[in-house]
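Sequence lines, in order, name chains A, B and C.
Numbering-wise, the first sequence is residues 1 to 497 according to this note's numbering.
Numbering-wise, the second sequence is residues 1 to 117 according to this note's numbering.
Numbering-wise, the third sequence is residues 1 to 99 according to this note's numbering.
There could be a bad hint or two in this list.
[Unchecked claim] Far from chain B by the CB rule (all over 10 Å, computed), these chain C residues: (1) LEU7; (2) LEU8; (3) LEU18; (4) GLY29; (5) LEU43; (6) PHE51; (7) GLN52; (8) ILE59; (9) LEU62; (10) THR65; (11) ILE80; (12) ARG84; (13) ASP88.
[To be verified] Going by beta-carbon spacing under 8 Å, a handful of chain C positions derived as facing chain A: (14) TYR6; (15) LEU9; (16) LEU13; (17) TYR19; (18) ARG24; (19) VAL28; (20) LEU30; (21) VAL41; (22) GLY57; (23) ALA64; (24) ILE67; (25) LEU82.
These are computed hints drawn from the structure, not numbers from a lab.
The model shown is predicted, which means the values in this text are computed figures rather than measured ones.
Heads up, the beta-carbon is just placed ideally off N, CA and C, and yes, glycines get one too.
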Amino acid sequence: MQYLNALTAILPVVVLLGTAVILLMLEVFSLGKDRIWAANFSLVGLAVAFYFAMKGLGAEPQALFAGPGKSAPIIADAFGNLAAAVMLAGAFVAVLLSPEYIKNARCSSGEYYALILFSVVGMIVMAMAGDLITFFLGLEVMSIGVYVLTGIRRNDLRASEAALKYLLMGAFATGFLLMGIAFIYGATGTVALPELARQMVAPVGGAPILVTGLVLLLVGVAFKVAAVPFHLWAPDVYEGAPTPITGFMAVGVKAAAFVALVRIVAVGFANSEESAVVIPFISVIAYLTIIVGNLLAIVQRNVKRMLAYSSVSHAGYALIGVVALARGEESAGAAVLFYLTAYTFMTLGAFGVLVFLERKEGGAESERFGAFAGMGYRHPALGVAMSVFMVALAGMPPTGGFFGKLYIFSSAINAGEMGLVFAGILGSIISVYYYLRVIVSFYMVDVPDAGPLPTATRSRHLTAGLIIATAGVLTLGIFPNQWIELGKLAFKSLQLG
Amino acid sequence: MANYGTIFVLFLIAAMIALILWTLASVLGPKAPNPRKERPFECGNPPLGPVVRRVSVKFYIVALLFIVFDIETVFLYPWAVIFSELGWLGFWTMVTFVAILGLGLVYVWKKGALDWA
Amino acid sequence: MELTHYLLLAAALFSLGLYGVASRPNAVGLLASIELMANAVNLNLVAFSRFQGQQTGQIFALFATAITVAEVVVGLALVIVLFRSRGDVRLDLAKELKG
């Protein structure tokens, strides 16, 4: 049967949706009062979905859910499945970080895990979107889930304000994105990516409209990935959101947006004259994002805000890859995927350490650099893990962060974007300062009045999450070839579809 | 467009009549303001409490839920128009959609968001 | 009526929405302004769809409406939460945007 066949091709999505809906039902029929079951149940769902995503890597690209004579809204190919696997791994680690936080913050949480799963569904839909409508739908499913997750601590004013601000800014950006898609549709008469590519071969009549549309679309996406100058919401939202969710949206939302962007650029706008017109626009955003993100990260006193700006600057590095891809450099597709994978593990790991260190009553105070003094001696394993994440974020070997930047920069050199590479290297050098500052404060002399020590965690989930993140960062750093080859294979599947 | 010209003239005349009557009334009418007259009119009684009352937040929650479920049904209309062309694929897709929506309703119901008290 | 007329109207509505976002100090007003922007887009979509003689744009407008409604509903729910804990719903985005 056609429908069942279509569902089998997107099993990761089906499994996630099923898990999330069952979670909600279990929650309201109060079958489990113990909160840890919800986390475990969603971990099982994510693991099964991950298995199916990896299995889908070998399958032929399939165009699904097409109406008679219409283009397909969903394309299940190796690229989509590999991207899904990255997002699922990110969500898995984010869920592992959550029980400890929920216990400390005492926030209600049956829906918490279901919302994470729903958001991941949106991300996967974005990665597999065959037309701009589906891309938009996935983006919104993801975003709405994350808006609610940001404000899930209803009794915390800071969180509610952050959530509302995030939602308003996000909806505002959605307006631009929609307007962009409307213009692209108006200029070409289609929203399907393969069809767009065909339209591009012949010069399009409404080229100025098309360029306007592309620019507006990019503005919308730039808001979502917090690229400068559309990043102003990020620090407050990152600070106000529950820490595991901050990690989740720093990696998940960004990965989904960039993966979708890669697909749109590679399938819809490859080598078209109009997309060449907007390359300078993307380049300017990339320059600004790298420089401003890194400079603002230096002056932050709160580690959570510092990580927010660091994630802004990382969006800039990934944008270099997008520019190279738009120039027709195909290795950039796999490079961006690799970068996002490494970024997922190192950022989630850093937020996991924050979850560990945040004290019950500390609030924003416990996130300051000074509060970490001596932590490296009190919790040696934690100190090592945090050092690994910071070294990786700074882009130094032998970590995945190093190879991520290496692949991005080398593809940009192939594309002839020397200026961007220079900016990227400069940004990385600046970033060494504030990442190393975290390590330094970890191993600073023990401050006697550092307040009550956080007790060593008994949460096996948090420990497992940190171990997976560390292992991920190091594995990508020691065996980068396997993953980049997988990325190249996946990127090839884009052209087959 | 020309046919609408007469209607436009009609609007203009109507507006002018209203304007003239209003001006005449305010110029010629006798005025004797006193505090009692300037109070908001509430069926002859002295007004009770502020005019703008706070509405219970329950209205908002029910209204929000209504809007969500209301707007989702919009998808049924275009689907119904080309139902026969879509075949079983379209049928089962919509069944899934409605089923998930139904489970959403179950969730809202059991969560107690529909209880007034 | 030409396509340009619709596009101009949509552009005007979109700009009004933009102005509203920049000037309103109230979260509900912000949501209304954003909704105005979204509806300008819908007008564009339907106009393009009509002048190209195909339905894709109309279907997209339908999806866009449903999604923006969902967004606004979540927004209003957050407004209620904020109102319960703070007593007002001021949120000056223009000020926030300046840093």
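Hints versus structure:
no. : hint  : in the structure
1   : LEU7  : holds (20 Å)
2   : LEU8  : holds (18 Å)
3   : LEU18 : holds (24 Å)
4   : GLY29 : holds (16 Å)
5   : LEU43 : holds (17 Å)
6   : PHE51 : holds (20 Å)
7   : GLN52 : holds (18 Å)
8   : ILE59 : violated (6 Å)
9   : LEU62 : violated (6 Å)
10  : THR65 : violated (7 Å)
11  : ILE80 : violated (6 Å)
12  : ARG84 : violated (8 Å)
13  : ASP88 : holds (13 Å)
14  : TYR6  : violated (10 Å)
15  : LEU9  : violated (13 Å)
16  : LEU13 : violated (11 Å)
17  : TYR19 : violated (12 Å)
18  : ARG24 : violated (10 Å)
19  : VAL28 : violated (11 Å)
20  : LEU30 : holds (5 Å)
21  : VAL41 : holds (4 Å)
22  : GLY57 : holds (6 Å)
23  : ALA64 : holds (6 Å)
24  : ILE67 : holds (5 Å)
25  : LEU82 : holds (5 Å)
Checked against the numbered hints above, the structure breaks hints 8, 9, 10, 11, 12, 14, 15, 16, 17, 18 and 19 and satisfies the rest.
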